[in-house]
Amino acid sequence: MADIILVVVEQREGKLNRVSWETITGAQAIAAETGWTLEAAVVGSGVGDIAKEVAGKKVSKVYALESAKLEPYTPDGFMAALKPFIEQKQPKLVLMPHTYQVRDFAPKLAAGLDRALISDAVGYKYEGGNLRFTRQMFQGKFAADVSFVGGPPYFATFQNGAFRGDQVVQGDAAAPVETVNVDVAEGLVRNRPEAPFVEAKQAVDLTQAEIIVAVGRGIKEQKNIEIAKQLAEALGGEIAASRPICDAGWLPMDRQVGSSGQTVAPKLYLALGISGAIQHVVGMKGARTIIAINKDAEAPIFEIADVAVVGNLFDIVPPLIEEVKKAKGA
Amino acid sequence: MSGYIRIGDSRFETHITRPFPILPPLIYTCRFHGMRSKRSVKCKEPLVKILVCMKQVPQKDAPLKLNEGGTWIREDVSYEVNEPDAYALEEALRQREKHGGEVVVITSGPARAQQVLREALAKGADRAIHLEGDGFVTLDAFNTAKAFATAIKDESFDLIFTGLQSDDYGFAQTGVILAALLGWPHATIIMQIEKSDSGIRVKRELEAGFFQFVDMPLPALLTIQSGINKLRYATLIGIKQAKNKPLKKVSFDEVKLTLGENLQKIEKLYIPQKTKKTEVLEGPPGEIAKKLVDKLRNELRVI
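Protein chains in written order, with our numbering: chain P, 1 to 330; chain H, 1 to 303.
What the hints contain is simulated information worked out from the structure, not anything from laboratory work.
This one's a predicted model, so the numbers in the text were calculated from it and none came from an experiment.
Treat each hint with caution, since some may be false.
[Stated by the list, open to error] Under the rule of at most 25 Å between Cα atoms (straight-line distance), these lysine-lysine pairs were calculated in the DSS-like manner:
1. K125(P) <-> K274(H)
2. K229(P) <-> K290(H)
3. K83(P) <-> K265(H)
4. K265(H) <-> K295(P)
5. K65(H) <-> K265(H)
6. K89(P) <-> K58(P)
7. K125(P) <-> K265(H)
8. K267(P) <-> K295(H)
9. K65(H) <-> K295(H)
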């Protein structure tokens with residue numbers, strides 16, 4: 001039997017999380033290179049429609065792992081669904097998107113099968129029959145090629161943006177969908193989750209902004225936020241920040257860009273004193289042009305910047321404000 | 001309700017139900033009846049025993065260099081406590097201030113890592129456990145969790161806190177695996193913790209600005225998100241007192257039999273290849289400002 005790649009797609013409240021397409025795109029690429037068979041699974045209650053949606057892509061088969069006890073999501077429930085399924089199907093590779101939900105159960109699932117999980121990978125390499133995954137280390141300052149030791153199944157999760165979800169290959173015909181009724185024993189699920197909610201209505205919708213001036217730790221003090229605000233104002237853009245700035249209360253939480261904040265794709269993203277930690281970068285790397293000003297020449301933000309200015313932002317921003325004002329006045 | 005957890009090839013009994021731990025008489029204010037379930041009924045303010053897993057990582061702005069083999073960084077850098085772990089400690093101290101009890105901190109790593117524990121003791125942790133040895137540095141998340149599980153097998157915690165991930169490896173796995181090894185429920189990326197009738201009620205951070213409350217029984221493991229609270233500084237008196245607080249050392253040899261082979265291997269560490277062509281602007285600030293505005297106006301056409 002051919003080796004199987006199993007992608008566990010993510011659904012929340014009956015809707016497919018679009019980041020799942022990225023994982024399928026990546027899995028399709030691995031399948032093409034290795035000749036392994038690609039299958040997918042969706043876990044939940046009443047997920048038949050999602051399974052059908054996935055079956056339209058180039059995959060061999062889609063499993064709908066069903067139980068009323070799988071809604072809402074709990075790590076115990078997903079463990080009860082996926083562990084016996086994987087033990088039975090014996091896939092070579094299990095791929096998932098590196099979402100907050102997957103982070104919550106995947107380490108437990110892999111450990112429960114006594115296997116490793118390579119988490120938050122940004123790509124893969126298949127050379128000489130060896131499959132390795134690339135992941136970022138030290139907040140993106142380094143990359144590492146990581147391989148699995150021992151036998152399968154191998155578990156890996158892909159970082160948001162690692163592959164293009166819009167490049168997922170359609171299937172010639174719909175793949176078969178098989179429903180697997182999952183037995184979740186009474187009393188097994190210990191966590192009792194309530195419905196998700198939004199804290200306060202997001203006062204600022206940064207996703208619509210064309211120009212964003214964002215500040216990071218390099219701004220050093222709360223009072224220095226002012227010059228960034230002045231620059232944003234001169235440019236007619238919005239002010240935003242990386243997480244530490246919002247944690248410190250220097251800017252409100254709804255100004256946060258990154259995995260726990262908003263994901264933005266403006267025409268211009270001007271990063272002031274932002275080092276470029278992964279958690280921030282996933283929220284802004286879709287910007288059309290990224291200009292980064294940072295005094296540390298090795299800051300990871302420069303890896304994704306279109307224009308790099310290595311220097312002290314406190315020296316550069318004040319004349320920049322003046323020049324912008326001049327240009328706009330002209 | 002005692003169960004078994006598998007650690008490598010050995011088996012350890014977990015202490016899900018056990019006699020209540022001996023506590024200093026001064027804060028021993030309630031009558032306990034041995035069993036956890038009775039204890040929470042009898043007490044208005046139950047005492048909590050919290051373990052905080054902490055890690056020492058290179059300082060955020062420390063220049064890092066690759067070692068000769070290109071498998072890891074050179075060790076001669078400055079270190080600091082992993083930021084989310086500092087929030088985990090702060091949360092543990094706050095919970096103890098509210099409910100009484102004990103805060104124990106644990107780390108693994110060479111002698112240098114003791115600094116993390118000393119700082120935690122100075123901030124108010126009661127005692128510390130140091131899994132000391134170079135061998136701990138290269139353990140994967142699974143083995144680190146196994147080492148921690150082994151080191152605490154005779155303890156009886158109500159809660160274990162970890163930071164949500166480390167700034168070096170960034171696995172975001174050790175806490176969840178530790179919970180699995182102990183047979184405990186867990187919840188990740190936590191922004192708030194309160195006591196409930198049946199255990200605790202925690203606020204999980206979800207993506208895109210969403211949150212969710214989760215009720216869960218004790219004992220439980222939580223991974224803590226940065227920003228859950230405001231960090232305190234160590235006081236002078238705290239720093240002085242820390243010197244007399246117990247710090248237990250556990251050697252690599254003491255736990256190594258419970259570890260397995262690392263199931264993932266870093267083959268190569270390297271500077272990431274740039275996927276983007278970056279234009280570098282240089283010169284005096286005034287000149288850079290002019291060049292930038294020229295770009296914004298004529299190339300990007302945003303002003």
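Given the hinted pair K65(H) and K265(H), is their Cα-Cα distance within 25 Å? holds, 20 Å
Keeping to a limit of 25 Å between CA atoms, is the pair of K229(P) and K290(H) held or broken? holds, 19 Å
Distance restraint between K125(P) and K274(H), which requires alpha-carbon spacing of 25 Å or less: holds, 16 Å
Restraint status (C-alpha distance of K65(H) to K295(H) at most 25 Å): violated, 34 Å
Holds or violated: K125(P) and K265(H), Cα atoms, limit 25 Å. holds, 14 Å
Are the Cα atoms of K89(P) and K58(P) separated by 25 Å or less? The given pair, whose Cα atoms are some 20 Å apart, holds under the 25 Å limit.
Is it true that the CA of K267(P) sits at most 25 Å from the CA of K295(H)? Satisfied, since the Cα-Cα distance of roughly 13 Å is no more than 25 Å.
Within a Cα-Cα threshold of 25 Å, do K83(P) and K265(H) meet the stated pairing? Distance of about 24 Å is within 25 Å: holds.
Mind checking the alpha carbons of K265(H) and K295(P) for me, to see if they're no more than 25 Å apart? violated, 34 Å
Hint compliance for this structure: hints 4 and 9 are broken, all remaining hints hold.
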